[in-house]
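Chemist: Protein chains in written order, with my numbering: chain A, 67 to 555; chain B, 200 to 707.
I should point out that these hints are in silico values taken from the structure, not numbers from a laboratory. Note that the coordinates shown come from a computational prediction; the quantities given were computed from them, not determined experimentally. Cβ coordinates follow ideal geometry from the N, Cα and C atoms, glycine included. Treat the hints with care, since some could be wrong.
Unchecked claim - Below 25 Å or equal to it, Euclidean Cα-Cα: the simulated SDA-like pairs (lysine to any residue) are:
1) B:K372 - A:G474
2) B:K204 - A:P245
3) B:K204 - A:S246
4) B:K204 - A:G528
5) B:K204 - A:E518
6) B:K209 - A:A84
7) B:K202 - A:A252
8) B:K209 - A:R373
9) B:K372 - A:P495
10) B:K372 - A:A478
11) B:K446 - B:Y527
12) B:K698 - B:I606
13) B:K204 - A:V532
14) A:K493 - A:L481
15) B:K204 - A:F74
16) B:K202 - A:Y523
17) A:K414 - A:R373
18) A:K514 - B:K205
19) A:K248 - B:K202
20) B:K204 - A:D327
21) B:K202 - A:S526
22) A:K248 - B:D201
23) B:K698 - B:Y527
24) B:K372 - A:V494
25) B:K209 - A:P495
26) B:K205 - A:A522
Said to hold, decoys possible - Footprint (simulated), chain B over chain A, 3 or more residues, beta carbon under 8 Å:
27) 242-255
28) 471-479
29) 520-529
30) 535-541
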Amino acid sequence: MLFNSYIFVLLFLPLALAGYFLLNRLNHQVGKAWLLGMSLWFYAYFNFSYFYIIVASIVLNYLMNRLITRMQSRQGRIALLILTLCINLGVLFYYKYYDFFVGNINAVFGTGFVLRRLVIPLGISFFTFQQLSYIIDSYRGEVPAYNMLDYALFVTFFPQLIAGPIVTHDEIVPQFADPSKKRLNAENFTKGLTAFAFGLGKKVLMADIIGQAADWGFASVGMLNTTEALLVVLCYTLQIYFDFSGYCDMATGIGLMFNIDLPMNFESPYRSFSIQEFWKRWHRTLTRFFTRYLYIPLGGNRKGEARTYINIFVVFLVSGLWHGASWTFVLWGAMHGAASLLNRRFEKQYNRLHAGLRWLLTFGFINFAWIYFRAESIGAANLMVVKLLRLDFGAVNPAMLSVFRLPGIELANRLLSTFAGVDLLGKVPALPMMLCLAFGIFAILAMKNTNERVLAYKPSTGIALVTAVLLVWCLFSFSDVSIFLYFNF
Amino acid sequence: MDKYKKTLIKIAAIALALLVLCAGAIAAIDPFFHYHAPLEGLAYTIDSETRFYYTPGLARHSSYDSILVGSSVAAAFKPQAFAEHMGLNTHLATVDASYPKNHALVTEIALESDNDVNTVFIVLDLQYLGMPADQYHDGDIPLYLYDDDPFNDTQYLLNKQVLFTYAGGVLLKTAQGGSTPSVENAFGRPWDVIFKEVRTLQSYEEQMTVPGSLLDFSGVDGVQNARRNLDENLAPLVQAYPEVSFKFIFPPISMAYLYGLMQKGYFNTALEELAAVIEGLLGLPNAEAYFFLGMEEVVANLYHYADVVHFPDPVGERLVALMAQGKYRLTKENWRAKLDDFAALVQNFNYEVYFGGDSVPTKLADDLPALVDALAENLDRYVVLAGSNCSGAFEVPAVVREQLGRIGLMRELPAGEAQSYIAVLDGADVVLEQVGGDDVAMVAVDGLPCALDAAGTGYLSIGGVDYSIYGTGFNLVVYDKLQGCVVDSVAVQCAAMPKISRSLFAFG
Numbered sequence: 067m068l069f070n071s072y073i074f075v076l077l078f079l080p081l082a083l084a085g086y087f088l089l090n091r092l093n094h095q096v097g098k099a100w101l102l103g104m105s106l107w108f109y110a111y112f113n114f115s116y117f118y119i120i121v122a123s124i125v126l127n128y129l130m131n132r133l134i135t136r137m138q139s140r141q142g143r144i145a146l147l148i149l150t151l152c153i154n155l156g157v158l159f160y161y162k163y164y165d166f167f168v169g170n171i172n173a174v175f176g177t178g179f180v181l182r183r184l185v186i187p188l189g190i191s192f193f194t195f196q197q198l199s200y201i202i203d204s205y206r207g208e209v210p211a212y213n214m215l216d217y218a219l220f221v222t223f224f225p226q227l228i229a230g231p232i233v234t235h236d237e238i239v240p241q242f243a244d245p246s247k248k249r250l251n252a253e254n255f256t257k258g259l260t261a262f263a264f265g266l267g268k269k270v271l272m273a274d275i276i277g278q279a280a281d282w283g284f285a286s287v288g289m290l291n292t293t294e295a296l297l298v299v300l301c302y303t304l305q306i307y308f309d310f311s312g313y314c315d316m317a318t319g320i321g322l323m324f325n326i327d328l329p330m331n332f333e334s335p336y337r338s339f340s341i342q343e344f345w346k347r348w349h350r351t352l353t354r355f356f357t358r359y360l361y362i363p364l365g366g367n368r369k370g371e372a373r374t375y376i377n378i379f380v381v382f383l384v385s386g387l388w389h390g391a392s393w394t395f396v397l398w399g400a401m402h403g404a405a406s407l408l409n410r411r412f413e414k415q416y417n418r419l420h421a422g423l424r425w426l427l428t429f430g431f432i433n434f435a436w437i438y439f440r441a442e443s444i445g446a447a448n449l450m451v452v453k454l455l456r457l458d459f460g461a462v463n464p465a466m467l468s469v470f471r472l473p474g475i476e477l478a479n480r481l482l483s484t485f486a487g488v489d490l491l492g493k494v495p496a497l498p499m500m501l502c503l504a505f506g507i508f509a510i511l512a513m514k515n516t517n518e519r520v521l522a523y524k525p526s527t528g529i530a531l532v533t534a535v536l537l538v539w540c541l542f543s544f545s546d547v548s549i550f551l552y553f554n555f
Numbered sequence: 200m201d202k203y204k205k206t207l208i209k210i211a212a213i214a215l216a217l218l219v220l221c222a223g224a225i226a227a228i229d230p231f232f233h234y235h236a237p238l239e240g241l242a243y244t245i246d247s248e249t250r251f252y253y254t255p256g257l258a259r260h261s262s263y264d265s266i267l268v269g270s271s272v273a274a275a276f277k278p279q280a281f282a283e284h285m286g287l288n289t290h291l292a293t294v295d296a297s298y299p300k301n302h303a304l305v306t307e308i309a310l311e312s313d314n315d316v317n318t319v320f321i322v323l324d325l326q327y328l329g330m331p332a333d334q335y336h337d338g339d340i341p342l343y344l345y346d347d348d349p350f351n352d353t354q355y356l357l358n359k360q361v362l363f364t365y366a367g368g369v370l371l372k373t374a375q376g377g378s379t380p381s382v383e384n385a386f387g388r389p390w391d392v393i394f395k396e397v398r399t400l401q402s403y404e405e406q407m408t409v410p411g412s413l414l415d416f417s418g419v420d421g422v423q424n425a426r427r428n429l430d431e432n433l434a435p436l437v438q439a440y441p442e443v444s445f446k447f448i449f450p451p452i453s454m455a456y457l458y459g460l461m462q463k464g465y466f467n468t469a470l471e472e473l474a475a476v477i478e479g480l481l482g483l484p485n486a487e488a489y490f491f492l493g494m495e496e497v498v499a500n501l502y503h504y505a506d507v508v509h510f511p512d513p514v515g516e517r518l519v520a521l522m523a524q525g526k527y528r529l530t531k532e533n534w535r536a537k538l539d540d541f542a543a544l545v546q547n548f549n550y551e552v553y554f555g556g557d558s559v560p561t562k563l564a565d566d567l568p569a570l571v572d573a574l575a576e577n578l579d580r581y582v583v584l585a586g587s588n589c590s591g592a593f594e595v596p597a598v599v600r601e602q603l604g605r606i607g608l609m610r611e612l613p614a615g616e617a618q619s620y621i622a623v624l625d626g627a628d629v630v631l632e633q634v635g636g637d638d639v640a641m642v643a644v645d646g647l648p649c650a651l652d653a654a655g656t657g658y659l660s661i662g663g664v665d666y667s668i669y670g671t672g673f674n675l676v677v678y679d680k681l682q683g684c685v686v687d688s689v690a691v692q693c694a695a696m697p698k699i700s701r702s703l704f705a706f707g
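Modelling step: build the complete structure from the supplied sequences, incorporating the hints.
Modeler: Okay, structure coming up:
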């Protein structure tokens, strides 16, 4: 189930909230069981067959944790830890990386192993990493004895289940046990609803619209001029931020409605002045996971400068691969790794540069790297770069402009044209796109992010109005009318 | 009450008010007629590109005694034809690229409406007979407008595009003094249709090569799908309404498409699909089947088509008249023979008529001298219609006069500027040659009537079919008496170089 769907907003979320708080009055365990059941419904709604995978994963990891905590010998605990890690990573590998691996084997050795073309279970990277952190902490003796219900709810709690943030057990389980969080709290609920509305707005009103322009551009790289290529790259940069951070804002908001604080995952990352700063602001819980469970175990910065650089680079390569099973993601990770190393190595010199120039370099690099993240292949990404460097500036294709001509804008223009004789879109066809992108850039640089908004929340009629309008506007944007053009002529 | 509770209540109240206001506006105006018929006083738009949004609502809320369902091919059937030949008030409920499951769904909506429907016409396109029985359409359809589930109406009532573009559009159109179009006009052909062989052959080339086209059968189990379409979509529908007469129409798809089926190695499968469905339908007491695929005079003449499948309204009207007379009807006794005849027609047809070859040499000519060579070699075999298409006066280039003079045309034409030129050459005889003057209608081609426009438009028709491609310059239509059909239609440029073109609106 998607947050941006009728069933979620109109049925699932109200039902989950009402059931949870009502049943909490009877018995908190029943309330939690209700929330677990709703979370599993939320997950199974995508594809019921993957319900079994997540349930099996939860049961297995829970039982392995029990075994690890009861195991007396250190060797035995290490063996169980390795076994559990192997199983988790094996399942992840099977679903997410098998075809990538076999495809590369076939390409290198000319073999003909059959690709499985499996549909990746949603959120498998997230819930696998979440449980890995739990198992490793369990091995370290840092996990209290949770019961099965608490553990399952920690993994499946639906706001963070399929796209993060990647939470740790010690952030979630204690909150569900806290008696002060069992009742509906108007302050949390209001803040949560506002965060949800802003997140939904980011996703539905920005990412999904700008994303159509990016999709068009990346599907037609060969025919782009430099103007279009620049705009397409910028569109994707905005799309991925508004999409991912919007989703996390919604997760944060829903969590707050349940009185559960989820960790901040985005802190206005495009305001960063360096790549190192960017990774402290972008997908923070992933960075935290890799720092705790990969960078530090590899030796972190404790084994000399060269090893530190290697460790950082390895983390970025793995991070690239975590984002997707393709060389484009690996290259994207490598680019960020290299930029981080350079940033670290020449930090003093870099920091002497003017702040504006540092921001421009950082934002420019981020845009550039996203090309490789988004493109279908490294070749397609290279072609996009060629298009950018060719300096063949020209008019923007009407197909791209049409993406931004939203129904409300069209109707307003028709009204203007009919009653005032002014066809604004006819005169300036790019106006909706320019306004949308300008607003997007303004929003990422100058507006409060949702976490700042929640922290500084002051209840008022104004914020109520903005929240309500955003909610309704988004709700009206979930569905559209598709035109069927008969192309057989 | 604390400030947060107050804010929460305000959010809820404002959101609810906005929801009711916007959704209420959509429900009241109802631009897709989901809840009611078009309101008097409002000017609705019925947009053919989104006709699958309007179809269920119009089927529910229009008045009629019979309905016709089908894909875009069925758009050639008009209510006037059913009224004139069968005395029926027929509602058109066609949906572009729709499959049998969609036909069944729309028919059921019509039969469950308040109308007393006695006849259902279902147009079964050969190209969709073998499509999956559980799919409605070559694309998504808004099922929430087709079913009676009030919960999924959210997709209609809470839809920004419906609100602004369609409901808002109705108000704007009303304010502009517009009116609601008739279904027939709105659901007419949504494209700028030109029925010409060149278009059909161009479409054939595209269909043969483009993935996902009408001639791409990769991954399709056509016979199994056709059986399932019969068992799951068509037969249950017919059986559920025994008092209703179901007339299944197998429309005349062009020979170019049928040739494509053979080229793709799919023709025998298509025959099996037809056999399975026809046999099943004829076993139902209230079902009739009319088979026009073997109607050679229509399917073999690619000037009847705008692409490989779509034929024009006059052909549709002719088919309705034939059905009214009981012609082309399949029975349990004759259907196998009719199918065999159809197979033989397709398998034995001389496709050089379309693509050129030893038996149709004119088609291989790519300039005027070569075309005249081909004609002159066996002139008795051909009838040539010629007509100029130039705005205002034009001068006949000497090279054109010289070439056409080789077959007897333009020999007596005065030098200098001419307003228009028409001619008919039957073998070596110049039957008609006229500069300026009046339009000509005559019986000149194998006993067929022909008509030539003397106003300089280039209109040249034989047997009521317009064969001209309207190139700027001279248009020539070549009728082959040996083949019994038009084999070529070209345009000759007005300039000095005697180029010819078979493209539409050549040199324009």
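Chemist: What are the numbers of the hints that this structure violates, sorted from low to high?
Modeler: 8, 23 and 25
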